[in-house]
Amino acid sequence: MNPPRIPHALILAVAVAAMPSATTQAAGPGADAELQVSGIRVLHRDGQTFVTWKDVAAGEVGAGYRYSLYESEQPLTDDHLAELRPVIEGIVNNSGKHYGYQMFLARRLDPELPMATIEPGGKPLPQWTGLAVRTTQSNGARYYAVVAHDLEGNRQGRLLPGQSATTEPVAEKVAPLQPLKTGDSTERGRYAHVVQVTGTKNLPLTVSLHASSSRGGPGSDHGDYYLFWGRPEWGWRDGLPWQFTMEQRADSATRTPYLLLRSRETLADPDGDGTRETYWFGYYCTPQGADHTEPRAYNFTERRMLWLIDWTRQAYHADPERVYAEGGSMGAWGTAGFALRHPELFAAIYPNRPRTRQRGLPSLTPVARDAKILMEDGVTDYYDRMDMVKFVNEHPADLPFVGWCCGRHDGFATFGEQIALVRALTAGHHGFAFAWNNGDHSSGAAGMRQIHRWYPPEKFARNQSYPAFGNSSLDGDLGTGEAPAPAGSRTRNMLADDNGDLEGGVNLGFIWEEVVDTEKTWSMRLRNELATAPMTVDVTPRRCQKFKLRPGDTCQWTNSAGGTGMLTADAHGLVTIPGLMLPAGEATDVTLAK
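According to mature numbering (1 follows the signal peptide of the UniProt record, and there is no 0), the residues represented by the sequence shown are -26 to -1, 1 to 568, in order.
Fair warning: there could be bad hints in the mix.
[As the list claims (entries may be wrong)] Below, simulated DSSO-like cross-link-like pairs (lysine-lysine); rule was C-alpha separation at most 30 Å, straight line: (1) K520 <-> K568; (2) K147 <-> K97; (3) K520 <-> K175; (4) K433 <-> K522; (5) K346 <-> K364; (6) K522 <-> K494; (7) K175 <-> K433; (8) K175 <-> K364; (9) K494 <-> K568; (10) K568 <-> K522; (11) K568 <-> K433.
[Claimed, not checked] Ranges of calculated distance between the beta carbons of each label pair, as one might list FRET restraints: (12) G38 <-> T174: 31 to 39 Å; (13) P460 <-> E318: 41 to 49 Å; (14) T174 <-> R423: 22 to 30 Å; (15) G13 <-> K364: 52 to 60 Å; (16) G136 <-> P88: 25 to 33 Å; (17) K97 <-> T339: 37 to 45 Å; (18) E318 <-> K175: 15 to 23 Å; (19) N367 <-> Q288: 32 to 40 Å.
To be clear, the hints were calculated from the coordinates, so they are not data collected in a lab.
Glycine included, every Cβ here is placed at the ideal spot set by N, Cα and C.
Using the sequences plus the hints, can you model the full thing?
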């Protein structure tokens, strides 16, 4: 997995610093005078205005130009431009290309690759069409104009009413953004018969975060397919194009149906030829229109995903209590760094080989080695914010259940940070399970089979209580993690084979049933299918809906084997049965009573 590529010198860190002001002289008579933006059209729908035009030139010649969008409540002329700043800058040639094909110059130049559709029931845009999407901030009537520049910043042509500038205002209204469905799950791809959406309500929703995908492309070729264009708070400029798909699947073991949401985090490089990966976080930049000049770390991707999950949950009538997240490799970084911090949304998450302490920074601008990276607020340290071990230590309230795996020699993540997350979740009495092997970034994924065996998503819902386990006597030996490399050495920190078990798990094998959660009592039936002899484990009721304790309250626990004891709620209202004994091969009834 490669770090984001530093952009070419053609375009700036995000806002196209090389763009000229609106006072740049128009081209005079001669060959360049014929290069004019033409055919401007405006469409307003669902809180956004779609401005299209014909580029100044087609093919490779057209690749040498960029476009700026201007907005005004008065008709726009060349004289007005001197008083205005563009609302969107740095728009590439043939920007109306379909999502995924707009990322690379060669694909934008390929007339066989499709253009985007921008309205319900509409046709794809013609080749060599420019597209800018402006999100409406207030109700009103506005005019638009498009100005072209070459790559040296020289403006091309003058504003021509009806060609590069609108002559009638478009009525705009603030409204919720609505994605545009362009493909149906019953018709798309060879898997249509197994992923078609039936319309069944209250199905679980799984959000799948993909691994590294720097090659671009339009996304999945099956499922309901949507295009949408982002809001300003979702990217370095307004109107960036995105897509997602929705499928209906069935669990391979239980055949339980569920909805599957897939989207893309891959960003088109602002320089017009390449991609940037955002780690499902966002990136470091100075957005167009920002009130600061220095770059900051913006969680653009997280914001967009929160909106997208909410929209799809409502549009497809998914069960809001059974929303899950999963992802491998870079998708695991997002599952851990994004989904874990949203217990109000996710019931359980499954990061497959995550970084639990992000040490990479997606960026659209060069970053000095020792630079202090601040979040959008200009105060919060990015690396502190992305330290999920720190996050867990600071959040004692209910979190999503976390089931994850990693190889001891992953390479992109350390084993030490996996150990740190295990310790933090254990100390906070959170629900989790972890499996590992002695593998690398590829073979380390195998441990997820153990996680899904004992902790499938259907075991969890945000409105259902469950037992969290800790300090199980069956846990494997994690060891202490990587040893520091010798001072001055160029080698990475090393993990010795005699430092802990080469393969193992934490909190594996537990089966619980018949959870009863009332105001006075909490009970369940518990066993461990891996136990071959009596074992012990700490048990903490989590996500209690009715059995609630205040700090200092007491309750009594009993089990069917004759064990009993008194418990006192901690500062967070949690009670934990320490060292509960479970016999091998049989279930134990456990009860807590006020």
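Hint by hint, here is what the structure shows:
1. K520 <-> K568: With Cα atoms ~12 Å apart, K520 and K568 stay inside 30 Å; holds.
2. K147 <-> K97: Satisfied, since the Cα-Cα distance of roughly 24 Å is no more than 30 Å.
3. K520 <-> K175: It holds: about 27 Å lies between the C-alpha atoms, which stays within 30 Å.
4. K433 <-> K522: Within the cut-off at roughly 21 Å; holds.
5. K346 <-> K364: holds (18 Å)
6. K522 <-> K494: The given pair, whose Cα atoms are some 9 Å apart, holds under the 30 Å limit.
7. K175 <-> K433: holds (19 Å)
8. K175 <-> K364: Roughly 38 Å between the alpha carbons, so the hint for K175 and K364 is violated.
9. K494 <-> K568: holds (6 Å)
10. K568 <-> K522: Holds: K568 and K522 sit about 10 Å apart, inside 30 Å.
11. K568 <-> K433: holds (26 Å)
12. G38 <-> T174: 31 to 39 Å: 52 Å Cβ-Cβ, so the 31 to 39 Å window is violated.
13. P460 <-> E318: 41 to 49 Å: holds (46 Å)
14. T174 <-> R423: 22 to 30 Å: Given range 22 to 30 Å: holds, Cβ gap about 28 Å.
15. G13 <-> K364: 52 to 60 Å: For G13 and K364 the Cβ distance comes to about 54 Å; the hint holds.
16. G136 <-> P88: 25 to 33 Å: holds (28 Å)
17. K97 <-> T339: 37 to 45 Å: holds (38 Å)
18. E318 <-> K175: 15 to 23 Å: holds (21 Å)
19. N367 <-> Q288: 32 to 40 Å: Holds, at about 34 Å.
Hint violations for this structure: numbers 8, 12, all remaining hints satisfied.
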